[in-house]
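A.B. asks: Protein chains in written order, with our numbering: chain S, 1 to 356; chain R, 1 to 356.
Incorrect hints may have been included.
Stated by the list, open to error - Each computed BS3-like pair below joins lysine-lysine, with the alpha-carbon atoms no more than 25 Å apart:
1. R:K35 x R:K155
2. R:K289 x R:K219
3. S:K155 x S:K318
4. S:K2 x S:K337
5. S:K2 x S:K17
6. S:K155 x S:K337
7. R:K2 x S:K17
8. S:K337 x S:K289
9. S:K289 x S:K219
10. S:K2 x R:K219
11. S:K35 x S:K155
12. S:K53 x S:K17
13. S:K2 x S:K159
14. R:K17 x R:K40
15. R:K289 x S:K219
16. S:K219 x R:K2
17. S:K337 x S:K159
18. S:K2 x R:K337
19. R:K289 x R:K337
20. R:K35 x R:K17
21. S:K35 x S:K17
22. S:K40 x S:K53
23. S:K35 x S:K53
24. S:K2 x R:K2
25. S:K2 x R:K17
26. R:K219 x S:K289
27. R:K2 x S:K53
It is worth saying that the hints were derived from the structure and are not from the lab.
There are 2 protein chains.
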Amino acid sequence: MKFYMPTRVYSGINAVKAHADEMRIGAHALIVTGKSSSRKNGSLDDVVSVLEKNGTAYTVFDDVEENPSVETVMAARDRGISCGADHVIGIGGGSPLDCAKAAALMINNPDRDWQFMYEDTRAQALPMIAVPTTCGTGSEVTGVSVITRHDLGTKGSIKHRIFPVLALVDGRYLLEAPSRIIKNTAVDALAHLIESGVNAQADTFSDMNVFAGLAEWRKCRPYIEGREALTEDAALMLMNASSLAGMSIAQTGTTLPHSLSYLLTYEAHIPHGAAVGVFQANYIACAEKDRRQAMLSAAGFDSPDDLRRVTDALAPVKADRALLERSAEAVLANPAKLALCPFAVDRQVMYGIIDI
Amino acid sequence: MKFYMPTRVYSGINAVKAHADEMRIGAHALIVTGKSSSRKNGSLDDVVSVLEKNGTAYTVFDDVEENPSVETVMAARDRGISCGADHVIGIGGGSPLDCAKAAALMINNPDRDWQFMYEDTRAQALPMIAVPTTCGTGSEVTGVSVITRHDLGTKGSIKHRIFPVLALVDGRYLLEAPSRIIKNTAVDALAHLIESGVNAQADTFSDMNVFAGLAEWRKCRPYIEGREALTEDAALMLMNASSLAGMSIAQTGTTLPHSLSYLLTYEAHIPHGAAVGVFQANYIACAEKDRRQAMLSAAGFDSPDDLRRVTDALAPVKADRALLERSAEAVLANPAKLALCPFAVDRQVMYGIIDI
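Please take these sequences and the hints and turn them into a complete structure.
C.D. replies: See below:
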């Protein structure tokens with residue numbers, strides 16, 4: 001058994017301003033974010049106003065696209081090196097946070113080329129602060145950074161593990177998100193919980209995160225499913241469910257549905273939450289019975305089909321059968337990805353999971 | 001809400017040898033332990049054999065008494081400075097681990113005298129590894145170090161927060177502990193869970209630790225209460241319950257029972273577990289009803305009186321009424337200690353809690 005999640009997390013309304021003192025971790029911050037949402041939801045303003053009050057210099061890199069590429073990471077790295085950044089602040093959903101982590105690594109290892117991200121070494125990154133604005137990534141409490149490889153035509157985790165030193169979680173930012181973003185990212189959080197709970201690495205410590213997360217996600221269902229209007233408090237609860245899901249995968253990693261999703265996102269441009277969500281019902285159906293029932297009931301589902309009904313409604317997916325089969329074959333060819341699965345996976349089992 | 005527990009924890013049979021590579025954190029280790037138990041249970045041998053294999057120099061300081069004093073910390077510090085230690089390894093129950101933390105602080109701040117421990121600053125300590133051998137302290141996953149102040153005639157936490165960088169938890173060491181140590185320390189772990197759950201700082205994150213810990217403690221009851229013989233696996237489960245309890249108080253701190261216990265231990269030499277355990281039933285009886293019931297039932301108790309029956313049997317206490325009243329008055333005079341209590345505490349409430 002193991003537990004490791006070194007990030008200092010504060011969750012609350014106005015978290016950034018309330019923890020301004022703890023944001024003093026360097027002289028020049030590289031802010032890594034997307035083009036627009038962090039401007040609309042106030043998160044960028046909050047961070048900038050704290051930096052200015054703290055007398056911390058900063059440079060904004062706001063060119064992060066959805067599913068950021070190696071090329072984008074290297075552009076952020078170039079900006080960070082040229083401005084002399086000694087720490088990085090990622091603001092946004094999973095894309096800016098993952099890009100910020102990889103940039104923090106590359107800025108601190110300026111003599112290395114982009115392949116270094118995929119080398120299996122333990123290198124130090126610049127310290128990084130995460131300010132999430134969606135309710136799915138969990139990246140604020142994991143060491144994981146998933147980056148798009150155009151050379152390989154898919155997405156993949158970099159090898160290094162870069163935990164933020166500080167995560168500042170504020171529900172206000174989520175209030176400004178479009179409904180489809182909330183639904184997609186909430187399904188991603190649920191997927192993290194299911195894949196961590198049905199996992200060869202699951203243990204008492206990771207289960208603690210999983211079941212706390214499932215209970216929190218269950219409380220959020222009226223807001224996720226649109227039956228009640230999102231409030232500031234509910235938005236914060238949603239982001240907390242996502243952080244708990246992130247803590248879960250920080251212990252265990254994700255499994256088959258995440259592995260299967262990457263081609264769907266790369267080739268068919270299916271949003272990440274939808275692309276992982278579509279496999280959850282079939283995946284949990286393969287789990288050992290007691291575990292499956294305990295997890296489904298913790299999230300308020302009667303059965304895998306009940307779960308399917310909800311994920312389909314929240315994040316519908318139309319995927320081409322040929323693409324699904326190519327994904328399945330790619331994962332079947334990768335024993336490391338199969339090893340995290342607690343049940344045996346042959347072609348028949350895999351094709352059952354992609355039978356969506 | 002907040003979460004912070006940066007220690008990398010590995011729990012398993014042979015954890016020390018299995019993680020030998022991760023113990024390479026410096027050139028010279030100061031090992032801080034007690035006179036005998038870490039020799040008897042094999043933990044000191046395991047650590048020394050890894051250090052020798054790793055080519056790490058080491059010096060053993062084995063003069064830690066139960067409830068270690070400022071003077072003992074300073075003696076360990078002197079030993080560490082004179083041998084040139086660049087990291088510290090604490091092995092044992094709460095006493096050696098807490099002493100190791102304080103020594104790690106003082107060795108890294110060699111120009112400061114002992115009062116520095118009680119100064120409210122953020123100073124860096126040497127990196128420290130914790131190898132617990134009992135099932136109560138939780139010190140392996142907290143930043144807390146409780147040290148005896150002979151000048152004040154009591155015990156108290158130092159101000160600095162020193163989390164181990166690595167905790168290696170192995171049930172085999174507990175198998176060698178006398179039954180009274182297992183009972184006393186298991187009651188201490190239960191006290192951590194109750195005081196974290198009934199706490200003004202309790203939130204979704206700390207509750208996650210608390211309820212996972214209560215469930216684990218419940219599974220251990222047959223072994224704690226002596227109805228079944230302790231096995232290696234059960235011993236590890238007991239130590240995991242204790243680590244979960246430690247993670248809980250790392251988030252919230254302890255409350256009234258711990259504050260009340262310190263004089264009992266200092267003046268009447270009541271073991272720490274017994275001295276905190278004796279107040280638990282009265283303390284939880286003051287909690288809000290739903291919370292009280294949820295917590296009691298998670299640990300398998302029907303009522304506060306059922307809990308009292310068990311703590312009295314495991315860790316019986318005879319305390320002088322005058323001493324109890326002096327403890328109560330000392331805590332009443334300390335608003336900071338009362339502030340962690342989620343219910344209002346006046347003299348009447350406090351005297352209810354000491355009515356044991």
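A.B. asks: Taking the earlier hints as the rules, which of them does this structure contradict?
C.D. replies: 5, 18
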